[in-house]
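Protein chains in written order, with the numbering used here: chain C, 1 to 305; chain E, 1 to 305; chain L, 1 to 305; chain W, 1 to 305.
The set of hints was computed from the structure by calculation and includes no laboratory data.
We treat Cβ as the ideally placed atom computed from N, Cα and C, and that holds for glycine.
There may be inaccurate statements among the hints.
[As the list claims (entries may be wrong)] To give a feel for the contact side, a few chain E residues facing chain C, derived at Cβ under 10 Å: (1) P152; (2) L156; (3) G162; (4) F163; (5) N165; (6) A166; (7) L168; (8) F171.
[As the list claims (entries may be wrong)] A few chain W residues that don't get close to chain L, going by computed Cβ distances all over 10 Å: (9) M1; (10) D13; (11) T45; (12) G48; (13) S97; (14) E102; (15) R128; (16) R164; (17) S174; (18) D184; (19) N281.
There are 4 protein chains.
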Amino acid sequence: MPDYQAILDEIRDEVQPLLVQGHVADYIPRLACVPREKFGMAVVTLDGQLYQTGDAAEAFSIQSISKVYTLTLALQSIGDKLWQRVGREPSGNAFNSLVQLELENGLPRNPFINAGALVVADVVLATRKDPRAQLLAAIRGCSGNPDIRDDPEVALSEKANGFRNAALANFIRSFGNLEHAIDDILDFYFFQCSLAMSCVDLARGFLFLANQGRCPWSGTNILSTDQAKRINALMLTCGTYDAAGDFAYQVGIPGKSGVGGGIVGVIPNQLAVAVWSPALNAKGNSLAGSAALERFTAKTGLSIF
Amino acid sequence: MPDYQAILDEIRDEVQPLLVQGHVADYIPRLACVPREKFGMAVVTLDGQLYQTGDAAEAFSIQSISKVYTLTLALQSIGDKLWQRVGREPSGNAFNSLVQLELENGLPRNPFINAGALVVADVVLATRKDPRAQLLAAIRGCSGNPDIRDDPEVALSEKANGFRNAALANFIRSFGNLEHAIDDILDFYFFQCSLAMSCVDLARGFLFLANQGRCPWSGTNILSTDQAKRINALMLTCGTYDAAGDFAYQVGIPGKSGVGGGIVGVIPNQLAVAVWSPALNAKGNSLAGSAALERFTAKTGLSIF
Amino acid sequence: MPDYQAILDEIRDEVQPLLVQGHVADYIPRLACVPREKFGMAVVTLDGQLYQTGDAAEAFSIQSISKVYTLTLALQSIGDKLWQRVGREPSGNAFNSLVQLELENGLPRNPFINAGALVVADVVLATRKDPRAQLLAAIRGCSGNPDIRDDPEVALSEKANGFRNAALANFIRSFGNLEHAIDDILDFYFFQCSLAMSCVDLARGFLFLANQGRCPWSGTNILSTDQAKRINALMLTCGTYDAAGDFAYQVGIPGKSGVGGGIVGVIPNQLAVAVWSPALNAKGNSLAGSAALERFTAKTGLSIF
Amino acid sequence: MPDYQAILDEIRDEVQPLLVQGHVADYIPRLACVPREKFGMAVVTLDGQLYQTGDAAEAFSIQSISKVYTLTLALQSIGDKLWQRVGREPSGNAFNSLVQLELENGLPRNPFINAGALVVADVVLATRKDPRAQLLAAIRGCSGNPDIRDDPEVALSEKANGFRNAALANFIRSFGNLEHAIDDILDFYFFQCSLAMSCVDLARGFLFLANQGRCPWSGTNILSTDQAKRINALMLTCGTYDAAGDFAYQVGIPGKSGVGGGIVGVIPNQLAVAVWSPALNAKGNSLAGSAALERFTAKTGLSIF
């Protein structure tokens with residue numbers, strides 16, 4: 001077994017020069033003011049060992065990483081019926097593009113682009129009594145941290161600047177592929193994006209995907225083996241926006257990123273790994289975070305390929 | 001001079017078989033219930049002669065024809081500055097497409113596609129004290145009919161089904177090309193679409209564009225000579241959605257259509273002509289109305305070419 | 001009647017500062033070496049009066065202006081059947097774009113984009129015994145200049161650099177909308193582009209379009225009245241690439257431009273006007289030439305609107 | 001270890017009803033005449049065990065599967081410099097689309113769409129003395145079958161109908177991203193597509209990708225460990241045209257398909273599997289072949305996720 005602690009510390013040192021590169025998301029004040037020097041990384045193995053470095057215990061805005069959890073709720077509720085309303089293909093376009101949506105009649109390409117996440121949110125709203133509470137409960141359960149919560153200020157800012165997402169929602173609705181009121185869908189979507197978690201939370205909270213759908217410590221079956229594998233497949237092909245091919249090529253594991261600078265990776269049957277660094281590259285993924293994961297798989301020799 | 005009355009009556013007879021073809025707009029109940037047998041046509045010459053046939057005095061929903069009037073208000077207010085926010089090129093796409101908008105950073109191709117009309121509405125809201133009253137006053141003034149009014153039921157239905165326009169507005173706003181609250185812009189836009197006018201109203205109301213910007217009876221200068229010519233140019237290249245090339249080819253005069261089945265045409269220095277027939281062709285223009293105008297220019301030999 | 005000679009001379013003086021702006025086409029050596037100081041302009045009225053200024057008698061490469069002549073030949077041969085293979089709508093895209101072609105299954109939007117001109121060339125090859133000779137004869141006949149000829153060096157250079165046009169031809173062929181061998185079509189297309197004419201030739205040679213299809217001096221009917229009007233309509237909506245809306249707005253008459261720096265305009269029932277200045281604007285039209293035509297219609301008050 | 005032989009035989013029986021569905025490629029006669037009843041499947045494990053069923057020993061046209069081999073040659077020659085000329089992202093479009101290419105200036109999205117394969121072919125032509133001989137030698141070496149050869153009749157038919165590929169090549173060339181003569185590139189491309197291999201050949205011939213780049217029996221290092229992993233990543237994200245997301249989701253392993261009905265899959269550190277069934281689904285992948293691979297990973301429990 002690799003010496004994960006040593007590797008994490010090594011990576012933390014190596015990526016320091018990268019922290020000054022890239023661009024911290026500034027479309028809302030709360031994200032814009034996060035210091036770009038922040039860097040954290042955590043690994044949790046299937047047998048429950050935790051390794052961490054830097055700011056790994058500090059909570060940040062998980063943003064699009066939340067899409068994996070809402071997808072999990074939707075698959076729990078309606079299973080493969082979900083795929084009648086959202087595809088499973090990489091988009092070949094920016095995460096918030098409307099072009100493909102117009103050409104393909106309001107059917108989003110996959111659940112990890114914004115359009116797809118809005119449809120997933122609509123499904124969650126339709127199938128859960130108290131969607132926010134249930135989403136929180138699921139995430140707290142997975143990650144074993146009862147203190148995880150949303151950040152209402154982030155959600156409010158997102159909404160005040162959420163014209164592109166409002167455009168997407170109205171557009172999909174015009175094709176009949178949303179049922180709930182636009183505002184309800186957007187409010188839930190901005191809620192999920194505003195959830196704050198640390199690298200440790202995320203590494204723990206994604207471990208069920210490395211463990212065939214079952215939470216290793218509680219033994220709870222969150223998803224079936226097949227469903228867990230398929231979420232991993234989706235993360236690999238679509239989890240890092242229009243850079244998924246590159247991520248698969250360079251990092252070689254399923255992963256999901258968020259504009260808050262977090263990325264979580266899953267190595268089936270072994271571990272989950274989370275990294276956080278606020279400054280983003282041109283494709284919207286954490287610049288130093290991507291580099292850190294690339295080093296992690298290189299140094300450990302871990303890869304699904 | 002052609003015998004306009006005889007020609008109009010002839011056309012009315014000839015297009016009867018076409019009235020059963022095409023598709024009456026049914027996205028809102030108020031439009032869906034208009035009988036497809038309706039057909040009216042009116043000509044007003046520069047010297048004030050009026051010729052009409054069929055249901056030419058019956059008011060109908062002018063819909064997109066209103067875009068010519070809001071453009072007129074915007075040009076009165078800010079002149080050529082308008083073109084910093086909206087283009088003057090045919091779109092090569094459906095009237096409500098978002099594709100081009102995404103590729104061209106939120107700058108609508110022209111003021112007669114929905115995206116462009118929303119930007120024009122934003123300008124009118126910014127430059128007029130009581131935009132609705134001023135729009136109504138302008139239209140009543142041009143057409144000499146003080147009874148022209150909006151139809152609030154149509155506006156409400158439009159809004160209830162206006163997801164595509166809400167998508168457009170939010171999308172343009174995300175590029176920073178709208179200033180007012182989305183709802184205010186949409187409300188004004190649906191108000192203008194809901195205005196009800198007859199063929200006689202419309203033929204009279206467009207005569208200033210055939211008269212170098214000056215209302216022939218009142219002598220009021222509504223636009224400069226140049227501005228009037230340029231609106232005619234815009235109507236020719238962009239006035240009938242993605243069928244403008246075909247309309248120029250077949251009919252050969254500037255024109256503006258609406259999804260309520262109306263089309264108005266302008267023959268500079270001679271006359272304005274309006275036609276109404278509710279059923280639309282595949283491009284969203286009145287099917288029998290297009291045919292009627294084609295016959296009109298063929299029979300009279302009038303053409304700008 | 002305006003004093004055309006004075007107006008032309010005035011314009012020549014006024015546009016001098018513009019000649020140093022813009023960008024001379026440099027994709028082939030023969031075009032690249034044309035001095036950017038060249039400027040010529042000619043007007044021919046229906047009664048045969050000729051006015052000219054500057055380098056109006058110097059021949060230059062007409063390039064895309066030739067598309068009007070091949071369209072004329074195709075309409076003479078197969079009339080409206082042509083429109084089964086090419087559309088009549090503005091493209092909303094660059095002149096050599098393949099995007100629209102893919103979305104619309106190989107049916108070019110209009111005969112004045114390259115794709116459409118290739119289909120027109122295919123029709124000419126199919127319906128004329130000696131296509132090159134007949135094209136030359138038609139142009140010499142219209143313009144009254146038996147010395148007009150092609151420039152084989154230009155055609156060869158075009159071919160050597162003609163990858164984009166070869167892509168278009170192969171692409172259209174893959175949809176089944178071309179019949180002849182790709183090389184034959186391209187050779188004919190590059191031949192037509194290489195024709196060299198002066199402003200005087202072009203103004204004379206387009207006069208039939210201002211005269212309802214009939215050559216004013218010879219009395220020959222080249223096209224029917226309807227066909228001539230429709231070519232004018234097409235030039236207005238599609239004659240100046242993706243700037244046709246702007247050209248209609250600013251200049252206000254049908255026109256056709258070429259990458260050699262020439263533009264010809266038609267004012268129905270009055271005159272034809274040609275201008276030449278090699279440097280192009282961003283849309284591929286002569287920069288000073290566009291300005292000259294704008295001044296011409298402003299100074300003379302001529303416009304179709 | 002699963003009983004591979006039993007599983008293959010079971011699958012062969014189960015997919016029989018699927019063989020009558022789908023559509024055999026008919027754009028060239030040689031493919032069109034392949035009987036749709038054909039079905040073969042072969043597995044080769046890292047320790048050299050071979051399992052096969054049905055028509056697994058019958059050679060068929062590998063078509064796009066050859067793209068993996070030419071990519072291998074290109075990576076051997078110029079390594080990561082290749083990625084300056086071709087991307088690593090899923091295309092979000094059909095395999096032969098020109099749209100993305102136009103929007104992205106002639107840089108193909110990945111080496112497994114036709115556009116990318118043409119650039120790879122250009123690299124092979126530039127870096128190998130006798131490209132055809134070296135490609136053949138590489139494939140014969142990997143698969144241990146010295147009798148593998150091309151089918152000149154297939155290549156000729158491909159060329160005679162290759163307008164779309166000629167369009168792509170000319171288009172890419174117009175952006176400067178091809179160096180060799182169009183005909184030379186196309187000839188080599190059609191040569192590689194015409195190679196005929198059996199399922200047994202292919203399973204053996206892809207085993208080096210399951211073995212970190214090293215041929216298990218000869219011990220030859222064909223690629224570095226990293227390069228092999230990265231080709232697997234590319235196959236997962238881009239190997240099955242615009243259905244790669246679905247393939248990853250349903251089958252869960254890297255794979256490459258061809259329009260001849262073959263699909264090869266790689267399970268790192270374990271085995272390679274090849275299947276053949278001529279009739280294709282709507283996305284251009286073997287219909288029964290996809291189903292067979294889905295069953296194979298379901299029955300064996302093998303997956304990279």
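Classify the hint on P152(E) as holds or violated, based on whether any CB of chain C lies nearer than 10 Å to its CB.
At 22 Å from the nearest chain C Cβ, P152(E) fails the 10 Å test, so the hint is violated.
Would the least Cβ to Cβ distance between S174(W) and chain L come out above 10 Å?
Given that some Cβ of chain L is not farther than 10 Å from that of S174(W), nearest at about 4 Å, it is violated.
Double-check L168(E) for me: the hint is only fine if its C-beta lies closer than 10 Å to a C-beta in chain C.
holds (7 Å)
Interface exclusion of T45(W) relative to chain L, criterion Cβ beyond 10 Å:
The claim holds: T45(W) sits with its nearest Cβ about 43 Å from chain L, beyond 10 Å.
Less than 10 Å between beta-carbons is the criterion; does N165(E) satisfy it with respect to chain C?
holds (8 Å)
Should the label of S97(W) as a non-interface residue stand, given a Cβ cut-off of 10 Å to chain L?
At about 6 Å from chain L, S97(W) fails to clear the 10 Å cut-off, so the statement is violated.
Does the claim that R128(W) lies outside the interface with chain L hold up, using a Cβ gap greater than 10 Å?
holds (24 Å)
Does F163(E) hold up as a contact with chain C if the rule is Cβ-Cβ below 10 Å?
holds (4 Å)
F171(E) as chain C interface residue, shortest Cβ-Cβ below 10 Å:
holds (4 Å)
Consistency of the no-contact label for D13(W), given chain L and a CB cut of 10 Å:
holds (40 Å)
Taking the closest pair, is the beta carbon of G48(W) still more than 10 Å from chain L?
holds (44 Å)
How about L156(E): closest beta carbon in chain C under 10 Å, or not?
violated (17 Å)
When each numbered hint is compared with the structure, violations occur for hints 1, 2, 13, 14, 16, 17.
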